[in-house]
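Protein chains in written order, with the numbering used here: chain A, 89 to 483; chain B, 251 to 689.
Check each hint, because a few of them may be wrong.
[As the list claims (entries may be wrong)] Ranges between beta-carbon positions, derived for each pair:
(1) A:Ala318 with B:Asp606: 23 to 33 Å
(2) B:Gly647 with A:Ala166: 33 to 43 Å
(3) B:Phe575 with A:Ala166: 40 to 50 Å
(4) B:Glu680 with A:Ala166: 35 to 45 Å
(5) B:Lys401 with A:Ala99: 51 to 61 Å
(6) A:Glu160 with B:Asp513: 22 to 32 Å
[Stated by the list, open to error] Each computed DSSO-like pair below joins lysine-lysine, with the alpha-carbon atoms no more than 30 Å apart:
(7) A:Lys404 with B:Lys552
(8) B:Lys444 with B:Lys297
(9) B:Lys297 with A:Lys229
Since the hints were derived computationally from the structure, they do not count as laboratory data.
Where a beta carbon is used, it is the ideal one built from N, C-alpha and C, also for glycine.
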Amino acid sequence: MATSLKQPAVADIVARATALFEDLNFSSAREWKAAKPGRKVIGYMPIYVPRELMHAGDMLPLGIVGGGDQLEVIHGDAYYQSYICRIPRSTVELGVSGRIDFVDGMLFPSICDVIRNLSGMWKMMFPHVYSRYFDVPQNYKDEIGGNYYINELAELREDLGRLRGKPITDAELANSIGVYNENRRLVRELYNFRAGKPWQVPAAEVYLLMRAGLVLPVEQHSDMLRDYLAAVRVEQRPKRDNCRIVLTGVFCEQPPLNLIKSLELAGCYVVDDDLLLVTRWLTADVPIDGDPMRNLALTFLHHSESTAAKYEPNQKEKGQHLVRAVKRTGAEGVIFACPSFCDPALLDRPILQHVLKDAGIPYIAFKYAENSGQMQPIREQAGTFADSIKLWSGK
Amino acid sequence: MSAGTKIVTPKAAPAKEVEKDASMQKQKDMMAAHYDRLTGAHETGAKVCNTFVPGNLNELIMCFDLLNNLPEINAIQSGLRRQSGGYVLEAEKIGHSEDVCTYVKSDIGMMAKGNIGPNGKKMPDPDVLLLSYTGCFTFMKWFELLREQYKCETIMLHTPYMGDGKITKNMVEYMVKQLKEEVIPKLERASGVKFDIDRLREYLKKSTKAEDNLVHVLQQAKKKPSPIDAYFGGIYYIGPIFGAFRGTQDAIDYYDFLREEIDERVAQGKGPVTPDGDMGKERYRLVTEGPPNYTNFRQFWKMFYDEGAVVVASSYTKVGGVYDFGFRHDPEKPLETLAEYCLGVYTNRSLPMRIDMLCNYIDEYDADGLLINSIKSCNSFSAGQLLMMREVEKRTGKPAAFVESDLVDPRYFSAANIKNRLESYFQMVEQKRAGARAA
Numbered sequence: 089m090a091t092s093l094k095q096p097a098v099a100d101i102v103a104r105a106t107a108l109f110e111d112l113n114f115s116s117a118r119e120w121k122a123a124k125p126g127r128k129v130i131g132y133m134p135i136y137v138p139r140e141l142m143h144a145g146d147m148l149p150l151g152i153v154g155g156g157d158q159l160e161v162i163h164g165d166a167y168y169q170s171y172i173c174r175i176p177r178s179t180v181e182l183g184v185s186g187r188i189d190f191v192d193g194m195l196f197p198s199i200c201d202v203i204r205n206l207s208g209m210w211k212m213m214f215p216h217v218y219s220r221y222f223d224v225p226q227n228y229k230d231e232i233g234g235n236y237y238i239n240e241l242a243e244l245r246e247d248l249g250r251l252r253g254k255p256i257t258d259a260e261l262a263n264s265i266g267v268y269n270e271n272r273r274l275v276r277e278l279y280n281f282r283a284g285k286p287w288q289v290p291a292a293e294v295y296l297l298m299r300a301g302l303v304l305p306v307e308q309h310s311d312m313l314r315d316y317l318a319a320v321r322v323e324q325r326p327k328r329d330n331c332r333i334v335l336t337g338v339f340c341e342q343p344p345l346n347l348i349k350s351l352e353l354a355g356c357y358v359v360d361d362d363l364l365l366v367t368r369w370l371t372a373d374v375p376i377d378g379d380p381m382r383n384l385a386l387t388f389l390h391h392s393e394s395t396a397a398k399y400e401p402n403q404k405e406k407g408q409h410l411v412r413a414v415k416r417t418g419a420e421g422v423i424f425a426c427p428s429f430c431d432p433a434l435l436d437r438p439i440l441q442h443v444l445k446d447a448g449i450p451y452i453a454f455k456y457a458e459n460s461g462q463m464q465p466i467r468e469q470a471g472t473f474a475d476s477i478k479l480w481s482g483k
Numbered sequence: 251m252s253a254g255t256k257i258v259t260p261k262a263a264p265a266k267e268v269e270k271d272a273s274m275q276k277q278k279d280m281m282a283a284h285y286d287r288l289t290g291a292h293e294t295g296a297k298v299c300n301t302f303v304p305g306n307l308n309e310l311i312m313c314f315d316l317l318n319n320l321p322e323i324n325a326i327q328s329g330l331r332r333q334s335g336g337y338v339l340e341a342e343k344i345g346h347s348e349d350v351c352t353y354v355k356s357d358i359g360m361m362a363k364g365n366i367g368p369n370g371k372k373m374p375d376p377d378v379l380l381l382s383y384t385g386c387f388t389f390m391k392w393f394e395l396l397r398e399q400y401k402c403e404t405i406m407l408h409t410p411y412m413g414d415g416k417i418t419k420n421m422v423e424y425m426v427k428q429l430k431e432e433v434i435p436k437l438e439r440a441s442g443v444k445f446d447i448d449r450l451r452e453y454l455k456k457s458t459k460a461e462d463n464l465v466h467v468l469q470q471a472k473k474k475p476s477p478i479d480a481y482f483g484g485i486y487y488i489g490p491i492f493g494a495f496r497g498t499q500d501a502i503d504y505y506d507f508l509r510e511e512i513d514e515r516v517a518q519g520k521g522p523v524t525p526d527g528d529m530g531k532e533r534y535r536l537v538t539e540g541p542p543n544y545t546n547f548r549q550f551w552k553m554f555y556d557e558g559a560v561v562v563a564s565s566y567t568k569v570g571g572v573y574d575f576g577f578r579h580d581p582e583k584p585l586e587t588l589a590e591y592c593l594g595v596y597t598n599r600s601l602p603m604r605i606d607m608l609c610n611y612i613d614e615y616d617a618d619g620l621l622i623n624s625i626k627s628c629n630s631f632s633a634g635q636l637l638m639m640r641e642v643e644k645r646t647g648k649p650a651a652f653v654e655s656d657l658v659d660p661r662y663f664s665a666a667n668i669k670n671r672l673e674s675y676f677q678m679v680e681q682k683r684a685g686a687r688a689a
């Protein structure tokens, strides 16, 4: 069979990622599961799970980040009061409506009380699905938080081995660590490339590529990233007189795609963000040699992203990740976009704003919901912010 | 208007004297004395440790001669005194979102307005923040906010969540290690007092005595009529044990006294005391889930006792720690017992565990049904309560009702709506009874 050696174009790659993003029935994951008897799919919510463990057990980790603005929530609203954020209700909708009925397990990471409580709801609503609250340490000492985490990982590994019908070996895990290291390197490369030339890599495209990483097998996602990087380097795109901003607060409930597009249309190039952190939570390669569980645990402790769901033991370090992100990417300001009723993001925001103020970095803030439809106020606010940076920053 | 016309503003009727049991007065005096100790700290030189109610480590804190200051209790006091509304607005004015926990905003607003305690004196700055992170994610952010303000030693004690409905060896070992290698050395450093494990054991022994009596008192609600209200009245009863007194002789004395008082009510066949005196005929026995509203506490309570409704068991009185299943602080394993206490608090239990507890209460206390007071700004309690309500109804066959308010934000207390809902609920209970009789 003849195989075309032609590189896919940017538009083709983005079209594929868009199709994956828009598919609320998760057809590609269903097809992956159906392709081989015995395959399992494990769903997970934000903010981080060690996907290597599932991969090592021949399973597909499937990121579930709510229903977005295209899902009509009919049942989900009956489970939540009006003052609870959107992501749990649309996730319940995905479950109740059968859209994720092929999922064999669900992981609920330690991120907030709402997702924590959803883990118990899931056990009751879907008793035949394996579900687990995935706790991570808030103590970062090797012999304290590290040991605790290794044991938590071991419990999860045993559970997954039982689901597969065969224990997960160290060799399998080491191999999966290597595969995910490569994926994270490509993600970092894409983020670095965007920071250098944001006009070449629109924020919406980066977002769609990261979303694809939530549903595709990691090897396919890495191929997609390689193809995109190759294609986008040769395609010339117009450079606008936009300012450069870091987008933060968007680590759990997802902003509508239109919101991300609106920011750039309003004059703000997004040069860094905390969207879909699972794709780059670990900021360094996990060592391949040695005990893989310990390697995963220690990398988590010492080389992972900073975010509101994580305790920062050092007051002086609090919020510095944002200052560093601004410096690293040459950003001129920060946009806080927080989901309504999101305790972690909204409680963290004043502290982070004080840090930015002390560092002389301008910022704005607004709230959104995953189904926000009206972008005009956000566009106006972001546009004014961009103008103020361009006109008054003195650069 | 003629020159002789005089506009007279109608005077409010003099406030009716609130009736209190002797134990309630004693509790109030204990709290007042504690606030005086706190506000006098700058004179006495006492050092202050801010920490949280759920899973609080009062026995450990006392080992370092530290005074325990609980910001949730301060927020409650502000709510009861109708000051929290202004504090919440102040916090929102300085950048805190309208969506987040009002305990936090009341605390931040109180600080911004001079940090005046309920006794009218300035509250002390903490020497140390003990971030006992148990059952509520917001705690972590709250103390990060306070740390930014006070720039003092902040100690994290992370309590894993009982997601799978059990305490594992790994969880306990993790917590004990944190206590040994992080919490205790840092408390020693902050206080200048060396840790003495025998001193801890002595406090823990005292805790057990008080805990036994609290459990006895709460279980008297199984009697008919119930001699206590285990929600509104229960808040008085849990004050000392979940506050700054567990492990002290004061707590032992208080709970001895309370036990005698409640036993006496039982002997006399009395129902609970309310702010308007002894409650009339007991007509409805309820189990409640969720915290109460504090800005309109008496008004909220009155909606119950006016209808003859008494709360016989509540999840809120387990928010500091759960003793229902036999847990008592164990001086023989002092650090492990602290870990197990923190792990077991109500909001650190999975949703299925919470539902089991509520169903058991309905059975054991022969309740007519469940009432959920869903708190706008408390996700730890509120997320999942609608499912809890349906599940409890399904399992017990008893009706459940859902009202909404807030902890200390008066903007979210709508008396007419709540009263309406309660009245409908009581009618529903009557209908269920009539149906049962007909069957």
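Inset, instruction - Check each numbered hint from earlier against the structure, then list the numbers of those it violates in ascending order. - result: Violated hints (numbers, rising): 1, 2, 3, 4, 6 and 7; every other hint is consistent with the structure.
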